[in-house]
Amino acid sequence: MSKFACAISLVLVGLQMAGAQGRSVEWTHYSGNAASHKYSPLDQINKDTIGKLQVAWRWTSPDNAVVAANPTARPGGYADTPLMVKGVLYTVTSLGQIAAINPATGQTIWALDPGNWKTGRPGNLGYVHRGIAYWSDPSTRQSGGGDRLILGTHDAHLISVDAQTGTLDKTFGQDGRVDLMGSLANAVRATNYSVTAAPVVVRDVIIVGASIHDGPTHKEWPRGDVSGFDVRTGKRLWTIRSIPQKGEYGNETWGDDSWTYTGSTNVWTNMSTDEELGYVYLPFGTPTDDFYGGHRPGHNLFAETIMAVDAKTGKRVWHFQGVHHGVWDYDFPAAPILVDITVNGKPIKALAQVSKQGFTYVLDRRNGSPVWPIEERPVPQSTVPGERTSPTQPFPTKPPAYERQGVTESDLIDFTPELKAAALEVFRQFETGPLFTPPTEKGTIVNPGWTGGANWAGAAFDPETNTLYVPSITSPIVVQLIKPDPARSNLLYVRGGTMMPPLIDGLPLLKPPYGRVTAIDLNQGETRWMAAIGDGPRNHPLLKDLNLSPLGMPIRNAAMVTRTLLFVAAGAGNLGGGGNLPVGARPLSKVEVEPTKFRVLDKATGATLWEVDAPGRPLASPMTYMYQGKQYIVVAAGGGLNAELVAYALQ
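Each residue of the sequence shown is one higher than the last, beginning at 858 in our numbering.
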């Protein structure tokens, strides 16, 4: 993949001449392209025209009708970023319904309900789907007759749908379906094992991970294996075991035979692919249990690891572990972003992986070597009986962290002496320290918490300037380990107690900004700018007279970048919910909580150019396309009874 190849592909592959209708520019993957850039070269909507942006159409999700008739099937948030391919917009709803939509009018062309939601509500966030994959058969590419939509479902199946007709491809698997779960130990369909993220397709191989229920009561849990399937037949071609079994590379990193029963370590989020290299890049998560690992001594490969896999053979090419023996739930939460950068005059085919802990890991995507040194540094050790944490953890030397890391007295709010004194009282109730301070029986303030830093919405990358835009939130949590009832759990310790640090007179414990976007120059490994997103608690009675700049809201932001603009949809709370108050976040008790916003920033400076109250609660990144000569911005919003797509265009 040559320099700017991913950007050029959006123009050359996504550009179609449609006669008098004008040109079309597509959005062919969940994150825009296979490299997960969330970038488009379109600029009809720009700094000069943004003031004319208005709602062009709204599309009502068919989930709304299902929920009205089946209240127990209430979905989670609408987390899809639609695709636009060959003049049709495609989306998957929270309940797993697939629809084809006219991109100019928002009218439904066809809709398919595979009925996967009827199996039962999945664990974690419930009914949530984060995308579908589009595959075009080269032999029928001109007619489109071989085009397929690929979906991983809540009931742990892989389905293939004819993109033209909206019918299941009966030649794929068994009547259009492939069972992903099979005989996997400890897996219960939908209950603790499902799929939420979009599959990927590279060199005619579908690769799919799994969503596995967090917080198990037992150490025996399903593994997060990743498999490749023939895109035409659905035949399973290979499987990568996320926890190496006996005789496999990395098995020795699981002491006390813990590889025989430990689970999770799954790729629950999105992946990226490099068609030229033939690689798929897998971001693995945390093993069972998220916050206590006394039963699984060792570094625990391939937990919290980025792995490059040959898509045809399923062979591991290289891996990099970002957290050894994880006890912080620091999953790699988003797809690695494939970037072609120039460092010290040398072109590098790299990847940039954002993280919950606030680091951006930049690696050569051909071999996994760090672009800038990543140092193993000593970290605090656990005092919990039976726990054996790693003496060191990897610390990237570049780029700088984009989030506050760890908790010291200097991190506490100090708007007034009284607030600082109150914050110190709370601070002294818990164990605190630098990044990677482990959980304790007393309770440790972990910052970033598992809801903080960057999360599944990931980042956006501008290949014109090699700038990475990372939305993140400051969201510490308290992790207190307790001994469970032996009749209910065979783990020595589980997480208990409170989750969020107490508020200080209705204010967060730590200094702002609480929600931000950071622009990082990936050629230099340096921060270009950082902008707080949202006013935050500036109108608190104790702050309103201090003339503060925006403090940012702890609301998840999802980004998309174009030739001149950065689009930021804000709506997901720090537990993935939304609305005017983040679900899972405590209300700032003396603050009027601001509505969630859809914002447009100057990508060069971070200055806000335009904003509007967000429809519903956007969770996923916006997307953009051009159809019949007009550029559209589309964002998914809402959930439950009000899920919809909202399209914006110049009026």
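Since the hints were derived computationally from the structure, they do not count as laboratory data. Note that the structure is predicted; figures quoted are calculated from it, not measured. Among the hints, a few may not be true.
Unchecked claim - Here are the simulated lysine-lysine pairs, DSS-like style, with alpha carbons at most 30 Å apart:
# : residue 1 : residue 2
1 : Lys904    : Lys1277
2 : Lys1401   : Lys1368
3 : Lys975    : Lys1092
4 : Lys1027   : Lys1103
5 : Lys1203   : Lys1092
6 : Lys1299   : Lys1255
7 : Lys1277   : Lys1401
Stated by the list, open to error - So the derived label-pair ranges between C-beta atoms look like this:
#  : residue 1 : residue 2 : range
8  : Ala926    : Ile966    : 21 to 27 Å
9  : Glu1077   : Glu1233   : 27 to 33 Å
10 : Glu1077   : Pro1204   : 30 to 36 Å
11 : Tyr1106   : Ala968    : 43 to 49 Å
12 : Arg915    : Tyr1106   : 46 to 52 Å
13 : Asn1380   : Ser1267   : 47 to 53 Å
14 : Thr1384   : Asp900    : 22 to 28 Å
In this text, a Cβ means the ideal position worked out from N, Cα and C, and glycines have one as well.
Comparing the hints with the structure gives:
no.	hint	in the structure
1	Lys904 to Lys1277	41 Å, violated
2	Lys1401 to Lys1368	16 Å, holds
3	Lys975 to Lys1092	25 Å, holds
4	Lys1027 to Lys1103	38 Å, violated
5	Lys1203 to Lys1092	41 Å, violated
6	Lys1299 to Lys1255	34 Å, violated
7	Lys1277 to Lys1401	17 Å, holds
8	Ala926 to Ile966: 21 to 27 Å	23 Å, holds
9	Glu1077 to Glu1233: 27 to 33 Å	32 Å, holds
10	Glu1077 to Pro1204: 30 to 36 Å	48 Å, violated
11	Tyr1106 to Ala968: 43 to 49 Å	45 Å, holds
12	Arg915 to Tyr1106: 46 to 52 Å	51 Å, holds
13	Asn1380 to Ser1267: 47 to 53 Å	32 Å, violated
14	Thr1384 to Asp900: 22 to 28 Å	25 Å, holds
In this structure, the earlier hints numbered 1, 4, 5, 6, 10 and 13 are contradicted, and the remaining ones agree with it.
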